[in-house]
Amino acid sequence: MIALLTRDLRLALRAGGGFGLGLAFFLIMAVLVPLGVGPQPSTLSLIAPGILWVGALLACLLSLDRIFALDFEDGSLDLLATAPVPLEAVVTIKALAHWLTTSLPLVLISPVLGLLLFLPAEAYLWLILSLLLGTPALSVIGTFGAALTVGLKRGGLLLSLLVLPLYIPTLIFGAEVVSRGAMGLSIGTPLALLAGITAGSVAILPFASALVLRINLR
Amino acid sequence: MSLAVTALACARGGVPLLEGVSFSLRSGAALVLRGPNGCGKTTLLRCVAGLQPPLAGEIEAAPDAIAYAAHADGIKATLSVAENLRFWAAIYGTTDIETALERMNLRALADRAAQNLSAGQKRRLGLARLMVTGRPVWVLDEPTVSLDMASVALFGDVVRDHLARGGMALIATHIDLGLPEAEMLDLTPFKAQLPAAGSGDFDEAFL
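If you read the sequences in order, they're chains R and L. The first sequence lines up with residues 6 to 223 when you count with the numbering used here. The second sequence lines up with residues 17 to 223 when you count with the numbering used here.
Read the hints as simulated data drawn from the structure, not as lab findings. Mixed in with the good hints, there may be bad ones.
With the Cβ distance kept under 10 Å, some of the chain L side facing chain R (calculated, not the full set) [stated by the list, open to error]:
| hint | residue |
| --- | --- |
| 1 | Gln68 |
| 2 | Tyr84 |
| 3 | Ala85 |
| 4 | Ala88 |
| 5 | Gly90 |
| 6 | Arg102 |
| 7 | Ala106 |
| 8 | Arg151 |
To be clear about the criterion: a stretch of chain L counts as covered by chain R if any three or more of its residues have a C-beta under 8 Å from a C-beta of chain R, and this derived list gives those stretches [to be verified]:
| hint | stretch |
| --- | --- |
| 9 | 91-97 |
| 10 | 172-179 |
All C-beta atoms in this analysis are idealised placements derived from N, C-alpha and C, irrespective of residue type, glycine included.
Okay, chain R solo, but in the shape it has when bound (with noise of 0.2 Å):
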């Protein structure tokens, strides 16, 4: 199991492992903004929270298709699905080297691209906090999405589609942190639901990745 984390992490920096996509898109994402919606500090400071956690959640989108494709093609998902380790197991790693690879670096960036947005001071500590709880839902929807359509060819418009209405609540109750952190406002409802979007997707999301796998590989 561990093994198989580390073999991950260590492919995703390898050449060609794609780590870093997501976090340039980020970057991009952030620095592109005030030149198109223009530098007043009001207009900015109000819309941040809502542009920040929406380049998260699409810059974790962009990678999510490799989470098992490469796999697929070398053969290497076959041969897990045979070796000792619950294919539940498999997924749940798969999500969590997503996570730690893509929605990390995403989460202690995000400070530094609040600043460019300028995010209201008191908002930082919640930025960071609703993105630490929310992104690992982003990973674990992200791998059922993944798993449901590996074996597709170009499956990534299709995956998409699928994930992006199961992302919604996540970005919904995210950004609203922020922005009532942001306020002065009390942030306990919006953080809880956020909390409870990823600890269920969490605990049940794995179970449903491995049964599509399971059909996907036959």
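Chain R is fixed; fit chain L onto it per the hints.
Positioned in the frame of chain R, the structure of chain L alone reads:
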């Protein structure tokens, strides 16, 4: 320890390919599957490996006994030969990759990235993976594709040693592996008769 298959029927892409296949393997025995392209050898092996459910029939094998080697070797191009092997060893809970490197003549390539290997060298690495699984039943799908004569002989020796230690091998191949003691099974007579249209399960179109 044995592997027994009785009255197995299997399908690929919803089309039944084989029916009524029965055979059994005991410790130390090998069975070579023969048959023309598309007759269902790979499908049969995937059934035995547990990747797809059979249409009918039974497969009796000890749990966690089977090591499957498919057409694709499951090699990660950016990892070195040793890293690839070490990963599979860890997945199967073993540690010794030295024997496998030695026996498949990969020692000199151990630190080379797998993307720089030739097709035959990749295949040798894929077969070395079997040796680190430590599992008794080897299910091999055309193991000798892109191997040269010397490597085929090398692999024949590895299989023979595996059998001598009480292992089993189920091999689909078109060429002679140099295993005269292995039994042959031609799959041509087991070709499935196409069922009448509409008799299939409705769900089949979706699964």
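Results for each hint:
no. : hint    : in the structure
1   : Gln68   : 4 Å, holds
2   : Tyr84   : 5 Å, holds
3   : Ala85   : 8 Å, holds
4   : Ala88   : 3 Å, holds
5   : Gly90   : 4 Å, holds
6   : Arg102  : 8 Å, holds
7   : Ala106  : 3 Å, holds
8   : Arg151  : 9 Å, holds
9   : 91-97   : holds (count 5)
10  : 172-179 : violated (count 0)
Checked against the numbered hints above, the structure breaks only hint 10 and satisfies the rest.
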